[in-house]
Amino acid sequence: MALQYDMFVSSDPDEKGARSKRASSRAAAGMSAGAMVDHLEATGRYRVLQKLEARPVVAEPRAEFPLVGVILDTETTGLNHRKDEIIEIGVIAFTFDAHGAIGDVIDVYGGLRQPSAPIPAEITRITGITDEMVAGEAIDMTRVLAIIERADLIIAHNAGFDRPFCEAFSPIFEKKAWACSVSEIGWSDRGFEGTKLGYLIGQAGYFHDGHRAVDDCFALLEVIAGPEDQSQQTPFAELYAASQRSRIRLYAENSPFEMKDHLKGRGYRWSDGSDGRPKSWWIEIGEEALDEELRYLRTEVYRWSEADPPMVRLTAFDRFKAR
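One point on numbering: in full-length UniProt numbering, the residue at position 91 of the sequence shown is 91, and numbering is uninterrupted.
Just so you know, not all the hints are guaranteed correct.
What the hints assert, rightly or not - Taking lysine to any residue pairs in the SDA-like style, the calculated list, with each CA pair at most 20 Å apart, reads:
(1) Lys279 x Ser246
(2) Lys176 x Asn158
(3) Lys83 x Phe169
(4) Lys176 x Ile147
(5) Lys321 x Ser246
(6) Lys321 x Ser274
(7) Lys321 x Arg82
(8) Lys176 x Lys279
(9) Lys196 x Ser183
The set of hints was computed from the structure by calculation and includes no laboratory data.
All chains should be modelled from the sequences, with the hints used to inform the complete structure.
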């Protein structure tokens, strides 16, 4: 015979689960959004992403951030800057100081452009940009020029892609310093599992409307700014410092054919000479690594201590140009 208090205890597991959910709902109702996020993440079973909100554009930037950076993103009809075209450009100008601390957003522009041929279906699938959207559209170069002229540094997430397209589009981009937020920030050292913008945004705790140029620019700004309580150097400070250093492009010209696999395994890439560079294997390194790389070429590749392979010193004004 059941005791009286047993009559108030359901033996139905579904009912127990429903009661537990109702109790959790009542508890959640009394929490702020931040408290709910903390509560969920404290369980170890959830990771909550925050919608990325664009920073406001300020009319009067703070004087302690005297430098201007521009984050740039393009959407194009393909991958070849010599035949494909820009169909969208997004730029965000922000201020920063000599230590790489970010200040204020001071300007934003995004514009569509109708290309000379229909947009390939695959590009529409990736970007969401259709022929109807770009019909009759043109990028306002007066607005773009006003932003780019002020830039001390242009940042693109894969500058080796965006810079050649931009320079083919307009000469205003040619004499500017460029930095690449893919290759010039040690993302893996910071615990990130990939360098694609979508991965970085998710691991930084955000989500956003991707594959539209201005949206991606704002997303990249938040990722490189880093969390406010970050004790180590921010990603942007690392990027800015990297942009100040020279790099060496070293060509293993006339290297023995049988050494090609060794060179490739060491990170060298092949140039067929069609772009005016030496027809040879080449690598780009920091100046601090030059002596070691010359030692490798002289002892392992040429086996001649006097070998003097061609090299070019590059700054942010030269890097990421069309190859």
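Consistency of the hints with the structure:
Pair hint Lys279 plus Ser246 does not hold up; C-alpha atoms about 23 Å apart against a cutoff of 20 Å. At roughly 16 Å between alpha-carbon atoms, Lys176 and Asn158 fall within 20 Å of each other, so this suggested pair holds. Our distance criterion of 20 Å between C-alpha atoms is met by Lys83 and Phe169, whose separation comes to about 11 Å. Among the hinted pairs, Lys176 with Ile147 is consistent with the structure: their alpha-carbon atoms are about 12 Å apart, no more than 20 Å.
At most 20 Å may separate the alpha-carbon atoms for a hinted pair to count; Lys321 and Ser246 meet this at roughly 15 Å. Only pairs whose Cα atoms come within 20 Å are accepted, and Lys321 paired with Ser274 is accepted, the gap being roughly 15 Å. The hinted pair formed by Lys321 and Arg82 meets the criterion: a straight-line CA distance of about 13 Å does not exceed 20 Å. Proximity of Lys176 to Lys279 is assessed by CA-CA distance (about 28 Å); at most 20 Å being required, the pair is judged violated.
Note on Lys196 and Ser183: the hinted pairing holds, with a Cα-Cα distance of about 11 Å set against a maximum of 20 Å.
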